[in-house]
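> Residue numbers (my numbering), protein chains in the order written: chain A, 1 to 289; chain B, 1001 to 1444.
A couple of the hints might just be wrong.
[Unchecked claim] Here are the computed lysine-lysine pairs in the DSS-like style, where the Cα-Cα straight-line distance is at most 30 Å:
#1 Lys1234/B - Lys232/A
#2 Lys1165/B - Lys1271/B
#3 Lys232/A - Lys1255/B
#4 Lys232/A - Lys1165/B
By construction, these hints were calculated from the structure, which means they are not laboratory data.
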Amino acid sequence: MATPAVLLLIAFVAVPFLAAIGFSLYNVRLGDPRDPNFMGVEQYARIFTDPNISAQFLSALLHNLIFAAIVVPVQTALALGLALLVKKTIPGVGIFRSLYFLPVVFPIALVAIIWRLILARGDQGLLNSALAFFSGGAFGAQDWLGSETTALASVIVLSIWQGCGFQMVILLAALQQVPSELYEAAELDRAGPWQRFIHVTIPGIRTTLVFVALYTMILSLRVFDQIYVLAKSGGGLNEGATRTVMYEAVTAAFDQNNIGRASAISVVFFVIVVILSLIQRRATRNQEG
Amino acid sequence: MLRIKGSRRAAATIGLGLSVALAMTACSGGGSDSEGAQDGTIEVWAHAGQAAESEALQALVKEFNSSQEDVTANLTLIPEADYTSTIQATSADELPEVMEMDAPTMAAFAYDRKLIPLDDVLASETLENRIQGVTESGTYKDQTYAVGMFDVGLGLWGNKALLEKAGIKDIPTTAEEAWTVEEFEENLAKLAKASPSGKAVDLGEANGFASEWGTFTTTPDIWSAGGTLLKDGKAEGVINSDENVDALTTWASWKEFADPNTSGSNFPEGKTALTWTGNWMYPTFSEALGEDLVLMPLPDFGNGTKAGHGSWQWGATPAAEGNEDAAGAFIDFLMTDDSITTMVEANAAVPGSTSALEQSELYGEGGPLEMFANNLESACSSDDVTAECIAVARPVTPGYPTVTSSFGSALQAIWGGADVKEELDGAARAIDSDFSDNNGYEDE
């Protein structure tokens, strides 16, 4: 029964992972027909000790963690809020549901291009001109994507805007599964709206909430597209302030043709992700038990 | 409302089945392409650049196919932003017979055995008729690996009406008259006030300084300051030299006058007075600004004004081996004066053959873009930049991808306000470590 699944796992997970370990020990250069030289653990040593490469890798890892630490709670909370809003059966609620879901339909690369226009530096940027208009010119033009302080925050905002609708739909489905008798019973017990939310809604959708948080966590760890698009095609994104581990691996492999280092980065990242998933699994299991 | 009903599930299954079927036909369609060699069909890959340029190329391929019966060229256009990485990631046996490449990537592709020498593939007239710049950027280890239909120039374009409004009368037209950096900066301040956008110059920020554009557009600054990227395959002490640090500090300080130009049309619409870009924009600019368009040399940092050169060029891959005649016939056709003229009418580039250059209305004597042709006459290599030479080629080395990627990342960070010296030190270390990993890219 499990044979097809095991075969697929071997073909698409085990083989590439073992190949990555193999590549990371050699100086493999993309497109080079020559036999690669054996380098041992040099690539790993560089990731952790070389002043440039290690600084870049560690800052990339930090950006991933900051991204996850902000996006997971904020996006989940926002999605829950939206789901509660569009759960109401008022006329035209379908339009709102579609509108909130709409950004999910756009590929993140397209979203990045749209936000590039919103966040453009100078007076012509949509956000800058809107802020200048409402503050009567008191608020000067900011370089949202280029500045070290706002670059990562800008990426986080646009990512939440894009991703929120999907979680909303999942949470909406969960909310509709909560039996209405429970709400009626709570109302009879004179529970206020806040108490009903805490004691009926949240326990009713807890498994879905855990799933949504896990799913967002995984997406946050592999964040790449929006950063690549904004940094490489004229968004002027501050690369140093926003690079992520995936971005490091892809640029090492395809801009610098250094497959060896890209593989080493991937292997290290794999280990980190496994550790994070184990921690998260333990935490949620304790909660359930 | 989100429950999936039976009929929807059926529809989803059918949809999935259809998409799998479509994907399979797409794959089999792709697979048959590579067997072209036997029936006189050659595959050709080119970058999709400016619309007019791509249209001209499509017309030329059509003309080639109808001009004779032996060879059919099958053109595939690939978006410019992904073009080089597409070639890089394609193994040599899956490449088309003939492909285009950007000049500085040629050495890396030759080193990777993705190109074959053209000296016996092309007609000797084609090779002898090339202009100096094209010959140089197609030569690696004393063999011709690529030929270009055109070369390019980089210049400072101005809007005469706005220059006059700002009270600037001294408008340079030849390399000797180039503004010094101090003059340029004084003028930027004046022009920012005169320009409706409030910004004086579009430095090409919207193209992304982290991409090849960054290297192409800022290297004239460092060459003009007396610096360069690499010497004898070493970056330490070269790319992070004091000259380069000063030049790029100056460049980054222009940001307050620089137009981010997200709409892409501020200069032709007369909103910004200056733009720092190449000849390929001439058709757009001259149509929009007419008599108000002026072409100036880039500012002089002390070692004379400099300009980049080297553009898209054609080569044949190992797939063409055994079928060299067909590949050669196609490239020879592209390199005829008629084809070159068709192309340069579309992109306003410098014609790549001596005879086509002589006939050119744009680049011949007294033509509006004569400066670009003159710049190319005194071309030199990046290893040895003299005060006299104007057009400088980017380093011809298989390690160029790392050079441009490290330098581009540094540029992007410098533009964002990072420390110039630190960024260039980092680029130097990254480049040198890559060269030493690959034995200095020595190609036996």
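> Indicate, hint by hint, whether the structure satisfies it.
Against the structure, the hints come out as follows:
Between the alpha carbons of Lys1234/B and Lys232/A the distance comes to roughly 26 Å, so the proposed pair stays at or under 30 Å and holds. Between the alpha carbons of Lys1165/B and Lys1271/B the distance comes to roughly 13 Å, so the proposed pair stays at or under 30 Å and holds. Only pairs whose Cα atoms come within 30 Å are accepted, and Lys232/A paired with Lys1255/B is accepted, the gap being roughly 19 Å. This hinted pair does not check out: Lys232/A and Lys1165/B have alpha carbons roughly 36 Å apart, beyond 30 Å.
The structure shown violates just one earlier hint, number 4.
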